[in-house]
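Colleague: Build the full structure now, drawing on both the sequences and the hints.
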Amino acid sequence: MSVEEATEKLVQSLSPTACIEELLAWQSIRTEQQAASEKVPRDARRAGPPER
Amino acid sequence: MIQSGSTALVDRYRELEGLKNARKLDVVLMATVSSFGALEKPSDAERRRFVELFPPVYEASTPEARRQAVAALSGHPHVPQEICRYIGAQDIAIAAPFLARSPAMSDETLTTLIETMGEEHVRAIIHRADLSQKVIQALIGCHRPQHSEIPQGNFEVRDGSRDESEILRQTLKAMAAKAGSEAEDRLGLSTLTELQTALLVRFARRGERALFLETFARALGGDRVLATDILSETSGRRLGIALIALGMTKDDTSYVLPRIAPAIANEK
Chain H
1 MSVEEATEKL VQSLSPTACI EELLAWQSIR TEQQAASEKV PRDARRAGPP
51 ER
Chain S
1001 MIQSGSTALV DRYRELEGLK NARKLDVVLM ATVSSFGALE KPSDAERRRF
1051 VELFPPVYEA STPEARRQAV AALSGHPHVP QEICRYIGAQ DIAIAAPFLA
1101 RSPAMSDETL TTLIETMGEE HVRAIIHRAD LSQKVIQALI GCHRPQHSEI
1151 PQGNFEVRDG SRDESEILRQ TLKAMAAKAG SEAEDRLGLS TLTELQTALL
1201 VRFARRGERA LFLETFARAL GGDRVLATDI LSETSGRRLG IALIALGMTK
1251 DDTSYVLPRI APAIANEK
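Residue numbers (our numbering), protein chains in the order written: chain H, 1 to 52; chain S, 1001 to 1268.
I should point out that these hints are in silico values taken from the structure, not numbers from a laboratory. No residue lacks a Cβ here, since even glycine has one placed at the ideal position from N, Cα and C. Hints should not be assumed to be uniformly reliable.
Stated by the list, open to error - Beta-carbon label-pair distances, calculated as ranges: (1) S:Arg1209 - H:Gln33: 22 to 30 angstroms; (2) H:Ser15 - S:Glu1115: 35 to 43 angstroms; (3) S:Asp1107 - H:Thr17: 39 to 47 angstroms; (4) S:Ala1263 - H:Ser37: 51 to 59 angstroms; (5) H:Ser15 - S:Glu1194: 18 to 26 angstroms; (6) H:Glu32 - S:Val1051: 54 to 62 angstroms.
Claimed, not checked - Residues on chain S that point at chain H, a partial pick, calculated with CB under 8 angstroms: (7) Arg1209; (8) Arg1237; (9) Ile1241; (10) Thr1253.
Modeller: This is the structure in structure tokens:
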């Protein structure tokens, strides 16, 4: 299949509503990841310096 | 009757006289432009004289003469920056060829126009073949609200800010503000501005992947990690989904995809 055909096939198969839902889902995952990565150093700070 | 007839005749005469004067000024404008254009390397004094003379003659000329004068200056490499800024800020119907082609415009002038003029002017600048990194950064960083001053959707990005956490905060804030109207068909997702679309198409056409990534990331609310993730998928499927979700037309998406994700043909 040529690049043009493959592109056309892919683009025609994409429904705007489904794409919006999918992008929002990716964003939610990213937001959760971001929140988790921010939480880890905060928790570490709260725990105080490691005991010797 | 006779008086009224003669008044009409006088009015008509004045009208014709006005027309004649306007045409005379058109001739003066074209003469000003062509004599300046004939100078291979204008001296400082000649440039100063042109800066003083051009605006008033331009103002007094007809739109057709203005168009011709600006078109003639579009190819001249020594147009002073004051005149570049002046022409660049004129009505887009006249300024467009100058904005898109003039070799005289400095980066500073282009940046000033990007920051101060409307979207049509900025889009004309995007058509330039020789955009420097500085101007491209100004284009990517410039934000033009399309319909209102109210932030649209959850992808609002403050202009020029590179602070990722601030952008994320803004995004979350906008998402929260939008939560009440989630029933809308775009589910609170903003649409690419015409400017962002034009930039994405330009960077795809020229194979400028890094600049494409930067513009795309901004369209995603500044989420560079998500943008990089989407672009790293070589089949282009995720990019296609994201572009359509952001409101890019299928024609533009079909143009962009194979240029950014050439492995698309391997997609099963």
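Colleague: So the hint says 51 to 59 angstroms: do the beta-carbon atoms of Ala1263 of chain S and Ser37 of chain H match that?
Modeller: violated, 30 angstroms
Colleague: I want to verify a distance hint. Is the separation of the beta carbons of Arg1209 of chain S and Gln33 of chain H within 22 to 30 angstroms?
Modeller: holds, 24 angstroms
Colleague: Regarding the hint that Arg1209 of chain S lies at the interface with chain H, is the smallest CB-CB distance below 8 angstroms?
Modeller: Hint on Arg1209 of chain S: violated, closest Cβ of chain H at ~17 angstroms, above 8 angstroms.
Colleague: Interface hint check: Thr1253 of chain S, Cβ to nearest Cβ on chain H, cutoff 8 angstroms. Holds or violated?
Modeller: Since chain H brings a Cβ to about 5 angstroms from Thr1253 of chain S, closer than 8 angstroms, the hint holds.
Colleague: Interface hint check: Ile1241 of chain S, Cβ to nearest Cβ on chain H, cutoff 8 angstroms. Holds or violated?
Modeller: holds, 5 angstroms
Colleague: Take the shortest C-beta to C-beta distance between Arg1237 of chain S and chain H; is it under 8 angstroms?
Modeller: Given a least distance of 6 angstroms, the restraint on Arg1237 of chain S holds.
Colleague: Between Glu32 of chain H and Val1051 of chain S, is the Cβ distance one that fits in 54 to 62 angstroms?
Modeller: Holds, since Glu32 of chain H and Val1051 of chain S (Cβ atoms, about 58 angstroms apart) stay within the stated range.
Colleague: Return holds or violated for the Cβ distance of Asp1107 of chain S and Thr17 of chain H against the range 39 to 47 angstroms.
Modeller: holds, 42 angstroms
Colleague: Do Ser15 of chain H and Glu1194 of chain S keep their Cβ atoms within the hinted range of 18 to 26 angstroms?
Modeller: holds, 23 angstroms
Colleague: Is it true that the C-beta distance of Ser15 of chain H to Glu1115 of chain S lies inside 35 to 43 angstroms, as the hint says?
Modeller: holds, 38 angstroms
Of the numbered hints stated above, those contradicted by the structure are hints 4 and 7, listed in ascending order.
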